[in-house]
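Please model the entire structure based on the sequences and the hints provided.
Chains as they are written, first to last, in this note's numbering: chain C, 6 to 265; chain E, 200 to 366.
These aren't lab readings, by the way, just hints derived from the structure by calculation.
Glycine included, C-beta positions come from ideal geometry on N, C-alpha and C.
Careful: at least some of the hints might be erroneous.
Quick look at which bits of chain C chain E covers, simulated, 3 or more residues with Cβ under 8 Å [unchecked claim]:
(1) 114-124
(2) 154-165
(3) 195-206
To spell it out: a stretch of chain E is covered by chain C in this simulated footprint if at least three of its residues, at any positions, have a beta carbon under 8 Å from a beta carbon of chain C; those stretches are [said to hold, decoys possible]:
(4) 208-219
(5) 262-269
(6) 311-318
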Amino acid sequence: MDDYSAVDQEAEIQREIEMTSPIFSSILSLSALENEYSNNPNFLRKLPRILSLYPFFRRTRGDGNCFYRCFMFSLLEQFIKHKNQLNTDSPQGLMYRNLIQKVKDSGNWLMAAGFDPICYEDFIDLICTKLETINISTEETLSKDFEDKILADSIVMYSRFLTSAFLRMNQERFEGFTEGYATVVDFCKGEVEPMDRESEQLQVMAVAEVFGVRIKIIYLDRSDSDVCTELVFPIDYSGPDFTVHLLYRPGHYDLLYPVS
Amino acid sequence: MVESYAIARLRSEYRELTQNEDTGFSVGLNNDNWFIWSVSFPGPEDTPYEGGFYLARLTFPTDYPNSPPEMVFETEMWHPNIYSDGKVCISILHPPGDDIFNPNESSSERWRPILGVEAILLSVTSMLNDPNLDSPANIDAAIHCRDDKQGYIRKVRRLAVKSVECL
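Have a look at this one:
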C-alpha cells in the first residue's frame, strides 16, 4: 500500500540523519559559520557580535529533539567541568544538588499531571544514576555517552514528559499561546509528548522553569537587523549563577560556549 | 550496559496487564520475546462484535515507547480501518510526523510515549464499532459500511461467529 511506503520513506530519512551526523559534534570554532553563510548577508551581519560572546559551539543532530538534548548535555557538561566543586556552594554545586532533588521529586509532579508511573520511573532512575555518578564521566566521554540511544532517548522522553506536565499544570497561563491547537492539553499531546517534534518558545520557557535553570538563546535568523535577538528564560530567574547557552537557527538548536 | 528501556517498559506494562483482570484483555509473549505480544479480547458488548473472540499480535520496535507498536489481527476482520492482511490503521498507532495517513487526523490523537498497550487496545476496541470512513485502510469494507450498513453489520456478525468456531 502507498501508506506503507510513505512510512518506510520517512523511516529511511530518519535513519539517514542518524547515520550521517553524530548526536553531538566536538567543540568547534563558531567562525565555521562564516563560511556556511558566506552567501547570506543577513546571517553574516549578525555573526561578529555572536563570535565576540561565543567563540565556540557544538553542532547537534537535527532531528527535532535537539533542544531537550542540548539542555541536558549542557547541564551535565558544566557539572563535569566543575566536578570538584559539586559539594560546595559554588553555582555549579548548588545547581547540581537542586537538580538531583528536582529529578527525584519529579515522580510526584508527573503523577499529579496524570501520567502513569510505568512511563517515567525507569527514566528517573536512569537520570538520577547518571547525575550521581557524574564524576566518572569526562568532557571527552560525555558526547560518546549520548551516542548510546538508551541514555539519549530516555533523557529526551523524560524532559518532554516534565515539560508537558508543567504546561498542563499551568494551563490558564499558556492558554492562547498554543498556535495551531485549541487547548494547552492538545498542544502537549501534539507537540511536546511525541518524540522528534521541534521546540518553540513555549517549550523552552517550560523547561527553564520546571528545571529551575536559566536558558539564554541567541537567535540567528534572516531578519535585516545586525543585532540578533537574545532571550533569557525564566524572566524572573533568581537561582544560582548558572546558564545554558543555546544558538537557535530556524528549526534547530546548537550549544554555545561563552568566553570564559 | 543498562537494560534497554523498551524491555523495562514492556515488562512493567505486561505485569500490570496480566495482574489486572478488569481490563478484559489477555496478553501473552511470543516465545519469550518481549517485542512480540499476543493479545486477545472478547468482542465489545452491545456491538455486532459481541460474542466473538479476537486475537491479534502486537510487534514493538526496539525503541518502544519512543515509537508505537504495530498491531495485526490474526482473526479475520472486515473493517474500514483494518487492512485485508489484518494490520490496524488507527491514529494512536501512527507517529505524529507529517500527515501522510490522513490530513484530517489531528496530531493530538497520535502516538505519544506516555500512552501504552492498554490505551491502544481501548482505542482499537472502540474503533471496531466506530469506524473512521475518512481514512479507510480497506476501501471495500468502507464502501460496504457506507452504502449497505445492514449488509456490513451482517458480515461482521458472521465473522464474529466464525471467530469463536475457529478457536
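* Which hint numbers doesn't this structure obey? -> Nothing - there is no hint that the structure violates, so all of them hold.
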